[in-house]
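Student: Here are the chains, one letter per residue:
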Amino acid sequence: MTQKDPKLLIQPGPQLRQQMTTPVVMRDVWYALTPATLAGVWFFGLGALLVLLTCIAGAVLTEWYFAPEEKRGYFLGDGTAILTGWLLGLTLPPALPLWMAFIGGVVAVGIGKTMWGGMGANIFNPALVGRAFLLATFPIAMTTWTAPGDFFTIPSSVFALPLMQGVVDTVTQASPLGLMKFEHIDTPFFDLLFGNTSGSLGETSGLLLILGGGYLWWRRDLDWRIPIGILGTAMIFSLILFIVDADKYPGPIFTTFSGGMLLGALFMATDPVTSPLTKKGTWIFAIGIGILVVLIRVFGGFPEGMMYAILLMNAATPLIDLYTQPRVFGRELDSK
Amino acid sequence: MNLFRQISKSLSSSLGSFDHGVHPRHHKGQTEQLAIQRLPFGKRFVIPLGQHIGAPAKAIVQTGDAVKRGQMIAEPGGFVSVALHSPVTGRVTAIGSERYADGTFQDAIVIEADQYDTQQVDVNPIDWESLSIEDFIGEVQKAGIVGMGGAAFPCHVKYAIPDGHNIRYLLINGAECEPYLTNDHRQMMEQTEELLYGAEIVRQKLNAEEIVIGVEKNKPQAIKALQDTIKPGQPVRVVPLEVKYPQGAEKMLIKSVFDVEVPAGKLPRDVEVAVNNVGTIIAIAEYFQTGKPLIERVVTVSGPGVSYPANLIVPLGTSIREVLDFAGGLTEETRQVVLGGPMMGESIADLDAPMMKGSSGVLALTENETGRPQEYNCIRCGRCVEACPYFLNPARFARLAKSRMYEEMAESYNVMDCVECGCCTYSCPSGIPIVQHIRTAKDHLRSMKGKVQ
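As they're listed, the protein sequences go chains P and B.
Mapping of the first sequence onto the numbering used here: position 316 corresponds to residue 317, and the numbering continues sequentially without gaps.
Mapping of the second sequence onto the numbering used here: position 353 corresponds to residue 357, and the numbering continues sequentially without gaps.
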């Protein structure tokens, strides 16, 4: 033979792979979150940006700390830690003291993910675990909402020393959900759509969140059944309540565009790790969240119920998966 | 409920397809317009005795014997086994261990070609019309014909229909869903007459009502050639199929064409269908028309690592190296050579291994195609569940297999129904070799079953 044989690789088939990889999926979510995040920072100022970055720092440092030394690049390379911190940050009040945000990031990754065995092994959405922890630990700071204000003014509470609550020296204002629940004051639709209301720093701009969700849907990173199921159920349920008593209950449009509804439905509930694998299971999961969120918002003690609704359905996911296995080709439904 | 099921069924069963599956780019452009050429005879031919599924054939020649092209050199080793024939006129130089494409050593007959022979063989048509079904089955076995799609399952076994079964349709598999391969495509275009002739033989012998040819829609020329050649009144129908992998898997094809599911553990004959590949039917036609047994096959040589891709008639036993050399040799970027299609084919270690009856393609792939993504944990995205044409749960399999819970995989999740088409691995964004985990589990379960009995 004149030509030298190339070194041949032996590997099991299939030889071809589609090009989408987990880090690419994670990066797609970053891109999808960017518009809503920028809007949040624009409305709430640099303080909000600091809160967000601190959250991400807490999450990434925790991932780095718990990862085995030789595998740190691999653990951080998939981009999930940044995403967890980012999603958590978007659910926090813009004037939250930074040390609290940092703890939130640590808890989200440490207790929400690493403790279960790392990526893919957790039952609950890590970002929401972090938020649930913060809400239970710092209930006042976590429900102090500032009104959108000057870009360069940073509320002094942001720089509160660790273990200190800090003073919120900017204008505080109840969130649209709080106004609705406790005072029955409606918020203008266009404020909800563009995000010019008080609230968590990334939840307020409904339009940009939908834009990001649309991008994910276009990239096939998102199971459309989940947002459609959640929003559809919540809208129908609140419409029924609205028809029963329009003075007492919020309408379906308000329900959809207020609070964490869109962020939760598009970015939190769609976390593949903590949502069901099967199509039928996905519908059950989504409809369950839709019902729970309206129940909690309308009849519960909190103005917002998205977080608990998702966490509760996360807990039900393994069971849903078990009971919604599709019929195997060529077999009866129940034959094993 | 029944009405709902009816409606959803009629909505989901769009013409010519099955549910789930994946859409790899088909890469057939390199060779689909190239006419089939004949590969010149080489010097040394290696005929492995166990190149088909079932019992290996038994050699009936001795070292030193002179053999003629087409002469039987090994007889079937049982009912599920076929005969082997010499691809050239020459001399048997050895009978012993030779390296197979998969890297193992197994028994083979080595034949040195006679350089001065014309390699012409006499034409001896066989009168198939007077044959009984038993004799017909015997003839097909004697001709060494196996499934040419890649599995190499002895063809006559499919024709041995037990009492109480009845074949209504002869389904011819022209889906060719594997990327790169175009050998079936070219054969349907260039050997249309033979295909229809062979199909008619099998149809009459099996007493089937109709011949149905399933072809993926990305082969419009083949569909047209078939439709132009079919005579009015001939019981032949061409069904265009959606371009989707694994459209050519037997049970998927039956579902696509007849909208019938073959029950798990059953065979196509249980739904009154016999399925044969295009190449197999043409081999049968050639045998009865000319008496030429299965001594050569059409092979697609393609992939970015090949200088001059081609569709070739390759005498069986030719080394893979000779086939690649004819196609201009491998480029320097070649990382992997695959025998068969890129989805279900095997990557090979030794270019001197012989071409066999089931070798439908020789593909040279580069880093671009064979690069493996970094493996990450399963993120339960469900892409594999959406891809599995058998509606199994590959994500679950991978997780259970990593914990070696093989029994659980069989008992609760029907792992033995998996046909290893590889859709799950193809679709996994975390780069998990799911189908390899499943193969490990199935091997383990089979060996455990052997121990219990």
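Hints are not guaranteed to be accurate.
Simulated pairs of lysine-lysine, DSBU-like, Cα-Cα distance not exceeding 30 Å [what the hints assert, rightly or not]:
id: 1; chain 1: B; residue 1: Lys-270; chain 2: B; residue 2: Lys-47
id: 2; chain 1: P; residue 1: Lys-281; chain 2: B; residue 2: Lys-270
id: 3; chain 1: B; residue 1: Lys-235; chain 2: B; residue 2: Lys-296
id: 4; chain 1: B; residue 1: Lys-406; chain 2: B; residue 2: Lys-62
id: 5; chain 1: B; residue 1: Lys-221; chain 2: B; residue 2: Lys-146
id: 6; chain 1: B; residue 1: Lys-221; chain 2: P; residue 2: Lys-72
id: 7; chain 1: B; residue 1: Lys-146; chain 2: B; residue 2: Lys-270
id: 8; chain 1: B; residue 1: Lys-296; chain 2: B; residue 2: Lys-146
id: 9; chain 1: B; residue 1: Lys-446; chain 2: B; residue 2: Lys-47
id: 10; chain 1: B; residue 1: Lys-47; chain 2: P; residue 2: Lys-8
id: 11; chain 1: B; residue 1: Lys-221; chain 2: B; residue 2: Lys-235
id: 12; chain 1: B; residue 1: Lys-296; chain 2: B; residue 2: Lys-62
id: 13; chain 1: B; residue 1: Lys-62; chain 2: B; residue 2: Lys-47
id: 14; chain 1: B; residue 1: Lys-270; chain 2: B; residue 2: Lys-446
id: 15; chain 1: P; residue 1: Lys-280; chain 2: B; residue 2: Lys-270
id: 16; chain 1: P; residue 1: Lys-249; chain 2: P; residue 2: Lys-182
id: 17; chain 1: P; residue 1: Lys-280; chain 2: B; residue 2: Lys-446
id: 18; chain 1: P; residue 1: Lys-280; chain 2: B; residue 2: Lys-146
id: 19; chain 1: P; residue 1: Lys-280; chain 2: B; residue 2: Lys-406
id: 20; chain 1: B; residue 1: Lys-453; chain 2: P; residue 2: Lys-281
id: 21; chain 1: B; residue 1: Lys-446; chain 2: B; residue 2: Lys-406
id: 22; chain 1: B; residue 1: Lys-72; chain 2: B; residue 2: Lys-221
id: 23; chain 1: B; residue 1: Lys-406; chain 2: P; residue 2: Lys-281
I should point out that these hints are in silico values taken from the structure, not numbers from a laboratory.
Student: Going back to the hint list, which numbers does this structure go against?
Tutor: Of the numbered hints given earlier, those the structure breaks are 1, 4, 5, 6, 9, 18, 20, 22, listed in rising order.
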